[in-house]
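Produce the entire structure from the sequences given, and follow the hints as far as they go.
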Amino acid sequence: MTTVLNLNGERKSVDVPDEMPLLWVLRDVLGMTGTKFGCGAALCGACTVHVDGKAVRSCLLSIGELGERAVTTIEGIGVTPVGAKVQKAWLDLEVVQCGYCQSGQVMSAAALLAATPRPDDADIDAAMAGNICRCGTYKRIRDAIKLASSERQP
Amino acid sequence: MTIADTKKVGLSRRNLLRGGLASGILVAFHLPLRKADAVTQPIAAARFAPNAFIRIGGDGITTLVMPQVEMGQGIYTSIAMILAEELDADFSRLTLEHAPPDDKLYGNPMFGLQSTGNSNSIRAFWKPMRAAGANARAMLIQAAAARWQVDPATCTAANSEVIHALSGRSFAYGDLVEAASALPIPKDTPFKNPDEFKLIGKPLKRLDTPDKVNGKAKYGIDAMMPGLSFATLAQCPVFGGKVAKIDDTAAKKVPGVRKIVVLEDLVAVVGDNMWAAKCGLEALNIIWDEGPNANLDSEEIWKQLRVASAKGGAVAKTNGDVTKGLAVGEKYEASFELPFLAHATMEPLNCTVHVKKEACEVWVGTQIMTRVQSEAAKAAGVPVDKVIVNQHLLGGGFGRRLEPDMVIAAVRIGRHVDGPVKVVWTREEDIQHDIYRPIYRDDVAATLEDGKIVAFKYRVAGSAIVARWLPPGFRNGIDGDAVDSATDAPYEIPNFQVEYVRAEPPAIPTGFFRGVGPNNNVFAIESFMDELARKAGKDPIAFRRAMLGKAPRVQNVLDLVAQKSGWGKLLPRRFGRGVSLQPTFDTAIATVVEAEVDDLGEVRLHRVTLAVDTGIAVNPDTIAAQLEGGIVFGLTAALYGEITIDKGRVQQSNFHDYRMLRIDQMPKIEIHIVKSGEAPGGIGEAGVIGSAPALRNAIYAATGVALRKLPIDRSLIAAGKKS
Chain E
1 MTTVLNLNGE
11 RKSVDVPDEM
21 PLLWVLRDVL
31 GMTGTKFGCG
41 AALCGACTVH
51 VDGKAVRSCL
61 LSIGELGERA
71 VTTIEGIGVT
81 PVGAKVQKAW
91 LDLEVVQCGY
101 CQSGQVMSAA
111 ALLAATPRPD
121 DADIDAAMAG
131 NICRCGTYKR
141 IRDAIKLASS
151 ERQP
Chain Z
1 MTIADTKKVG
11 LSRRNLLRGG
21 LASGILVAFH
31 LPLRKADAVT
41 QPIAAARFAP
51 NAFIRIGGDG
61 ITTLVMPQVE
71 MGQGIYTSIA
81 MILAEELDAD
91 FSRLTLEHAP
101 PDDKLYGNPM
111 FGLQSTGNSN
121 SIRAFWKPMR
131 AAGANARAML
141 IQAAAARWQV
151 DPATCTAANS
161 EVIHALSGRS
171 FAYGDLVEAA
181 SALPIPKDTP
191 FKNPDEFKLI
201 GKPLKRLDTP
211 DKVNGKAKYG
221 IDAMMPGLSF
231 ATLAQCPVFG
241 GKVAKIDDTA
251 AKKVPGVRKI
261 VVLEDLVAVV
271 GDNMWAAKCG
281 LEALNIIWDE
291 GPNANLDSEE
301 IWKQLRVASA
311 KGGAVAKTNG
321 DVTKGLAVGE
331 KYEASFELPF
341 LAHATMEPLN
351 CTVHVKKEAC
361 EVWVGTQIMT
371 RVQSEAAKAA
381 GVPVDKVIVN
391 QHLLGGGFGR
401 RLEPDMVIAA
411 VRIGRHVDGP
421 VKVVWTREED
431 IQHDIYRPIY
441 RDDVAATLED
451 GKIVAFKYRV
461 AGSAIVARWL
471 PPGFRNGIDG
481 DAVDSATDAP
491 YEIPNFQVEY
501 VRAEPPAIPT
511 GFFRGVGPNN
521 NVFAIESFMD
531 ELARKAGKDP
541 IAFRRAMLGK
551 APRVQNVLDL
561 VAQKSGWGKL
571 LPRRFGRGVS
581 LQPTFDTAIA
591 TVVEAEVDDL
601 GEVRLHRVTL
611 AVDTGIAVNP
621 DTIAAQLEGG
631 IVFGLTAALY
641 GEITIDKGRV
651 QQSNFHDYRM
661 LRIDQMPKIE
671 IHIVKSGEAP
681 GGIGEAGVIG
691 SAPALRNAIY
701 AATGVALRKL
711 PIDRSLIAAG
721 KKS
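Residue numbers (my numbering), protein chains in the order written: chain E, 1 to 154; chain Z, 1 to 723.
Keep in mind the hints are simulated off the structure, nothing from the lab. These figures come from a predicted structure and were not determined experimentally. Every residue, glycine too, gets a C-beta built ideally from N, C-alpha and C. The reader is advised that the hints may include incorrect statements.
Which chain E residues face chain Z? A few, computed with CB under 8 angstroms, are given here [stated by the list, open to error]:
hint: 1; residue: P21
hint: 2; residue: E68
hint: 3; residue: A70
hint: 4; residue: T73
hint: 5; residue: E75
hint: 6; residue: V79
hint: 7; residue: Q87
hint: 8; residue: G99
hint: 9; residue: Q102
hint: 10; residue: T137
Far from chain E, by Cβ distances over 10 angstroms, these chain Z residues were calculated [to be verified]:
hint: 11; residue: P109
hint: 12; residue: T189
hint: 13; residue: T209
hint: 14; residue: M224
hint: 15; residue: V307
hint: 16; residue: G313
hint: 17; residue: G477
hint: 18; residue: I616
This is the structure we're talking about:
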């Protein structure tokens, strides 16, 4: 059935079953491959997107549940001031290694900073512990979140 | 910088060969050309292509062709830095292209095939890349000097220009391509002195990362093309088992399911998208013929390894007389055991294929391009030269993508599919059908007299991965990887012996894992060193230091880590510091872990200090990043990593029962890089190796409990049993 998505500020029409998770709609139906598949069970955070500004695992969120709420993906986060700050801090501190989990890390970090502009270590732990990085870039992720939180709007 | 579309690579290579040959230029560093047809083709456009790695267009665009794959280790940037350094290219205006599969042009000199692994990309390509850059620069300078009619020695190069300072003239490289292409390739152009380096040694920004923070980077799993269908698969959960029968009535009714492919050992469901394929697979009723391994379990596998180990093996290294030495003084013995590990790359296994009647195209991120090409050819039943391999970024390699099994499976499935199909493993399938880090058993015996080691005998038993993966590397019963960092342990011990017992586990496939053999050897040797230091009544660092007279670089990093870690300073109760040394990959590392244990045996990581001498640090920030991440990788394995077998199948399935260290468990990490003029060492895996034994030794220092297995057993710590 046809569903209209509110995606990165645009309306996108897709013809998929209601129970299909947003992750596969993004990747396989719309070809937006920036959002990654990691575990399919909300255990790793690679598929993190924003729904109404909050970090959500898209692998378990069905299109039916989503409704017309606003979705932001890694392809769209750079146009928001907080997203741009996170991306810049990520590059300034050279956080990324293989990069596969980093779409999800950037999305989780951007949601954290939008809600908590000056996070402390405990805030960072709470917001980011759901995102696994197998390359082990956590030290720089923490430093980059702090850098982004200390910088004024780009 | 742009990374060129992988689709263009095959075509670009042909252009490269045409350009090079038609200009009368031989390819540098003894890499012969194979394609006869290339010789007859005219130059399409003015370009300078003096070797397989450098191409400069008339527009000045400099393209560097990357022989090594990017899987997070930063090699695209480091190799580009080495090439651009000697070429004097403008680093801010480079295009990178991944090399096509071609062992002759792009083979790793240390392997003899196109392979990225063993932390050797920089070691293997350090000289060839410098030569490629230096020779090309010399030709450009010569071309400019001829036009100006001046002595080439009066010209210099910088930022993709040749400069004649005396007359204030300069030429952009792009203006010199035709003239330079007509020149013979010089031999033995001198390299720059390290004090002339403009790029090497600087913490330059990586070239691959901007597209990795905005969703644009394309991993294998991101391959998309018109007409693509999506598949996921179930292999027999019992190793070696086969499909007995399937009932696909319900699966066929799942919306979006296009086809069900049943092969001898696996079933794949092809659909409009991964969701349809997954739902289809779940709706299938598969009856497996579990075969001869249906009752295999971890206990039986360990029993077989212990029996094999007890039989003894081949001597890999011997100094003095270990038998006599073991009869002198107080004797101590211990056995160490390490578990199977799954790689769990964040990008699950996947491969996209388009199998046609007489050709096959593959899209994948792999550490072994040519092997993937030849295996795809076999599986598709087409000649090798009819297989196109499109290399993508790797969402983690860690040795998992040194195997072609995902490509073979995808091609076998793809033969039954019209058009291209992307085959994606679920996380569960990825973990339960890995090619696992083997289990190892290490038996150590040593004698002490007057607080010094008289004899040290070390026997490692486990898989010979090299014997399967690169057979010529397996000689005289010795697997060089399985004994790596044992045979070259840095200690001066009068009577020293290393033995190797090849013992393949039944049914469980084993392969390389980040840190490889040294993960095991350094864990056992460094753990036992701490036990011996305690028997001798010595401080663990002082005990080790006294034996490092012939390993000054190791001694130096040990001194540095002692100073930086605050070694010897008082710690609160139930805190401990542990140290570990390693000589691995031509890189000397000393690691100190500071950890705390509670009464339940839970471990809290506080601080890791690592000192490294890896020779010339090509990109020090990349080196620090690799070590930081390696430490996390090693600590993850130490705290959680274990794959167990029951009823012939892997018991773990996803990140809830195959755990990873997370950000809230992170220790502080400090990396200290020693300035060095030695040739660069390996770094990609080096950080992994020392963190587990240093943590184990920290727990030993905190509690007196001498752990002899990984992962760390909290119940042993809680019980407080001393060795």
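Hint by hint, here is what the structure shows:
With a cut of 8 angstroms, the hint placing E:P21 at the interface with chain Z holds, because the nearest CB-to-CB distance is about 6 angstroms. At its closest, the beta carbon of E:E68 sits 20 angstroms from a beta carbon of chain Z; the interface hint therefore is violated under the 8 angstroms criterion. With a least beta-carbon distance of about 17 angstroms to chain Z, the hint placing E:A70 at the interface is violated under the 8 angstroms criterion. With 8 angstroms as the threshold, the beta carbon of E:T73 comes within range of chain Z, its nearest partner Cβ sitting at about 7 angstroms, so the hint holds.
Using the Cβ-Cβ criterion of 8 angstroms, the hint placing E:E75 at the interface with chain Z is satisfied: the shortest such distance is roughly 5 angstroms. The criterion of a C-beta within 8 angstroms of any C-beta in chain Z is not met by E:V79, whose closest approach is roughly 10 angstroms, and the hint is violated. Proximity of E:Q87 to chain Z holds as hinted, the smallest CB-CB distance being about 5 angstroms (cut-off 8 angstroms). Checking E:G99 against chain Z by beta carbon gives a least distance of about 3 angstroms; that is within 8 angstroms, so the hint holds.
For E:Q102, the interface hint holds, the least distance from its beta-carbon to any beta-carbon of chain Z being 5 angstroms, beneath 8 angstroms. Because the beta carbon of E:T137 sits about 6 angstroms from the nearest beta carbon in chain Z, less than 8 angstroms, this interface hint is met. Once the 10 angstroms rule is applied to beta carbons, Z:P109 is consistent with being away from chain E; the minimum gap is 25 angstroms. Under the 10 angstroms C-beta cut-off, the non-interface status given to Z:T189 relative to chain E holds; the minimum distance is some 32 angstroms.
Not every CB of chain E lies more than 10 angstroms from the CB of Z:T209, the least distance being 4 angstroms, so the non-interface label is violated. At roughly 5 angstroms, the least C-beta separation between Z:M224 and chain E is not larger than 10 angstroms, which violates its mark as non-interface. Against chain E, the non-interface label of Z:V307 holds: every CB pair exceeds 10 angstroms, the least being about 35 angstroms. For Z:G313, the condition that its CB be more than 10 angstroms from all CB atoms of chain E holds, with the nearest at approximately 34 angstroms.
No Cβ of chain E comes within 10 angstroms of the Cβ of Z:G477; the nearest lies about 35 angstroms off, and the non-interface call holds. Listed as outside the interface, Z:I616 is consistent with that label: its C-beta sits roughly 20 angstroms from the nearest C-beta of chain E, beyond the 10 angstroms cut-off.
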